[in-house]
Amino acid sequence: MNLTLKVWRQENAQDAGRFEEHQLSDVSADSSFLEMLDQLNERLESAGESPVVFDHDCREGICGACGLMINGQAHGHRARTTACQLHMREFSDGETITIEPWRSGSFPVMRDLMVDRSAFDRIIQSGGFISVNTGSAPEANLIPVPKEKSDAAFDAATCIGCGACVAQCPNGAAQLFTAAKVGHLGAVPQGDPEADQRVVNMVEQMQEEGFGSCTNHRECEAACPKGISISWIAGLNRGYLKAKLRGVDRRS
Amino acid sequence: MMSSSLDPSSQTSVVLDPAVPTGPIEKQWDEHRRQLRMVAPNNRRKFDVIVVGSGLAGASCAATLGEQGYNVKCFCFQDSPRRAHSIAAQGGINAAKNYQNDGDSAYRLFYDTIKGGDFRSRESNVWRLAEASVNIIDQAVAQGVPFAREYGGMLENRSFGGVQVSRTFYARGQTGQQLLLGAYQALARQIAAGTVEMFTRTEMLDVVVVNGRASGIVVRDLRTGVVSSHAGHAVVLATGGYSNVYYLSTNAMGCNVTAAWRAHRKGAYFANPCYTQIHPTCIPQSAEHQSKLTLMSESLRNDGRIWVPKDSRGRHPVDVPEAERDYYLERKYPSFGNLVPRDVASRNAKTVVDREQGVGPLKNGVYLDFADAIGRLGQDAIEARYGNLFEMYERITGENPYQSPMRIYPAPHYTMGGLWVDYNLMSNLEGLFVLGEANFSDHGANRLGASALMQGLADGYFIAPYTVANYLAGRLGETASTSDQAFVETERAVSDRSERYLSCSGSRTVDSFHRELGRIVWDECGMSRTAAGLEQAIGRIRSLHQEYHSDVKVVGSADAINQSLERAGRVEDFFELAELMCRDALDRNESAGGHFREEHQTEEGEAQRDDENYSYVSAWAWNNGEPATLHKEPLEFDVVRPSQRSYK
Amino acid sequence: MGARITSPSMESAPMNRAAALYRSAIFKKAIMAITGMVLFGFVLSHMTGNLKIFQGAEKINHYSEFLREFGQPVLPYKGFLWIMRLGLIGAAVLHIWSAIALTLDNRRARPKNYELRRPVQMDYASRTMRYSGFIVAGYIVYHLLHLTSGQAHPDFVHGDVYSNLIIAFQNPLVAAIYVVVNILLSFHLYHGLWSMFQSLGIDHPAVKGLRRPFAATFAVVICLGFIAIPISIVTGLIQ
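Protein chains in written order, with my numbering: chain A, 1373 to 1624; chain B, 11 to 658; chain C, 4 to 242.
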């Protein structure tokens, strides 16, 4: 395949950045999108130019490291697919592909297509866990967990923290990410004792990180490579409002 | 360095003592724990512990030490600890819970692991692992890990290769992800509590040794390029395996041997480097451009049947009549069938592909067929069990596995070898602890499925916290500081190394060298090895390494984000490791587990061990670039009598 | 959390709590949902009342007089009406305030826009909430001047709702404005009603599947109810 790539280049966080155009030929339809970028990078490096910087690691859709806005959609147009699992057979010969970094004030661009998603880690640190010290766990089968609940918890827990929800949301909201963790831990009995405190802490941390708010466009759900439902957002809203009505304030 | 055994110039082979407790095996760990020294809660904050790596082993260890009150600094090269490659483990985690009442026990898990490892692992460690396995499940469930459950609300199990009980706990095809998120969340809780300081996008580039002890590390901030030192009373490496030496493997692109290798160069022995696991169920390579191979969970072998056509006419699989199919695993191993251990399944796939019975456009695969299972259980049931894997297969290959069989082929996946550790998980370099895949201790020559998660978490949650404390107890009153000259020198060496790559101005990219190196190691030190091939490989690796010094091209600078520079150092370490792998494989004149020497096989083509001469752990000492020196830890089997593994 | 969680019984400063709520987007969305519900209730009853025009002048004029007298003698004349009006004004102000505050926050959340952005499943209604909201707000001012206080009406007679309406909508331009704005209102209601459930976290399996149909049904019903009047008048069905 022959492609025209319009790639965002930016030296560092301070640089204004610009698009750069590259022609790439002999791209195999069996390559993944990132392998196509590898090919571009090898060419750039051989010519002494600096390669395009992008985050990536497992290349099997689970680590959540890769995240590119491909032709105006987070991870590209194929549903439930990360950029590393998107294959070039999904594109047509001669196509122009625009590649941008995630754009969010809470995900500052570090270089080219690499952004800083540490805001997500801080949201988890604010309460996205069950407080159980190593060694203090009871026998695993002591508390039966209904299969439906356990399955539902998994549906939320499958989040890979890639940030596509924020990237695709017209408001740059992180509601789906936060809701998925609140939902996962709230769905199992083990997470129940801290549920109110957790949702208040996480929502208010999310707010502090400067993410936008949910206006129910459902773009996050469509962009999520794991297909996490916006139902979790309803649960997050309900949980937060209830906790606030019960007078729960943020604690660190 | 104080200890003479660490001085490369005067190296002679020594017999290593793993410091295994005496007494009956089932009492050893309890007894040992009773004797280990402890640090009182009010003293714990006086100790700085460095944990490198945030996968299952690293995150669980850092979180647990943090909970206990130590000052922990945790490092990962990824942008978040949650991205460590443990996240990609699909199938499950073993535990001897015996929830299925099918005869499981700690002994049974121990026995299966020892046998699966082809009698090349240390009995005491494996027993302890089997005991700890049950606590891991309890801990994970308490953290909210959504394991698969029965309708009654109880935990569900499935069976995995190499065993005859159902002891594998799983969370769809994403067990590693869920367990890692559990550990990551425990770690996040400690970061918030201030007991763990987390350094992301920070790569460890060397260990600092002061007075013969690991006293800290030198790291490079991958955002700014700043090289700095961190001192600790103890250093814990949980930095994973080295399958990426093959270039194409199921590992994440960033997985590397650098942390372990740098420690090796500072005196830590590297054990059994030739024991590498080639996983049988991966998607075959489709073309030259490929950057990695994707694993299809071994759990697929529960319902999928592996076969190749008896001829090589290249018909569509659906058109090959039943009588013209060779279900070679079922034929050769009637009692385990498609569930034989990984090394056996892989080698058999290689055999049929080498006989030109391979399938697919490049004739480099075998079929994994679900037609029978779909017929028996219905497509819905298969979808519920493996839906995400089928989807992944379709995404990568563009083929629908519900309609025609998957094509699979073995790929480098896990490395049983790693830094040598004693029973306390401490390497011969005092103060340096090594956990998870980065050490060598539990899986012998071959790891059974669903055992890697178990080992990483056992090490991190339940073993290292005791043994590290024991070590720290003896250091009370010492301060950890970076003031020693050794830190300055190590920092300088690290910076010089970056400069060397940047000023080389050669003509070939790092990746092109890596690919070439990987090809050599795959061909000569992959699924089967020969003395001649290994000798030749060592020469080729050495000359390619020379060429790397003079002809590598890395653009950009050291004081900014530079992903090629990051890779340049990692690939250089792979060169040295690759040579050691070949030397180790050459030394081991037997076949065992993942190490298959063509000269040493039974008449039926099975691996033939030589217990008389090779029942030892090979622990190699760095020799300043000269061929490494071999030290041996004899393996003693008090509980299990080594036998010819049979899965027939 | 862990050891650091204390019971939420609270020694906490109420000011901090208020500040947290004021910053909270979820809280603002809840305000928007609740005020939206109030406004929706009004719109629905207003539309129902208006339909009395099809029963003739006497009925609708009597209905408006009934509203003015409602609550007497406990309340003064028009007392009930003014309580309702103040409530509605309050709801509208809060609705608009939360919309503006959230919009400004959302702009700040993405300081640099994409060169190319392709929405996947956001629909016309959700995309245009801001515009339909603004237009409806402007229209309400016009509508009040037009048919409540009369300044924007060519021949306004207090109390004679029927003839005020007939005269107003005999002007095709005015009728067209009312029809167009009410169609926009229905889009606003369609997304708003569904959003209301989502923002308040009402997604119990028993109601979840009904949220979209509910929003669609009422959006259509209200729209048809409202536009029936100008259309009937401008086409001469009602004279």
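Any given hint might turn out to be false.
Stated by the list, open to error - Reference excerpt, derived from the structure (chain C facing chain A, CB under 8 angstroms, subset only):
(1) 29
(2) 48
(3) 107
(4) 116
(5) 123
(6) 128
(7) 131
(8) 235
(9) 238
By construction, these hints were calculated from the structure, which means they are not laboratory data. Note that the Cβ used here is the ideal one computed from N, Cα and C, for glycine as well.
Evaluation of the provided hints:
| no. | hint | result |
| --- | --- | --- |
| 1 | 29 | holds (5 angstroms) |
| 2 | 48 | violated (26 angstroms) |
| 3 | 107 | violated (10 angstroms) |
| 4 | 116 | holds (7 angstroms) |
| 5 | 123 | holds (4 angstroms) |
| 6 | 128 | violated (10 angstroms) |
| 7 | 131 | violated (11 angstroms) |
| 8 | 235 | violated (35 angstroms) |
| 9 | 238 | violated (37 angstroms) |
Comparing the model with each numbered hint stated earlier shows that hints 2, 3, 6, 7, 8 and 9 do not hold.
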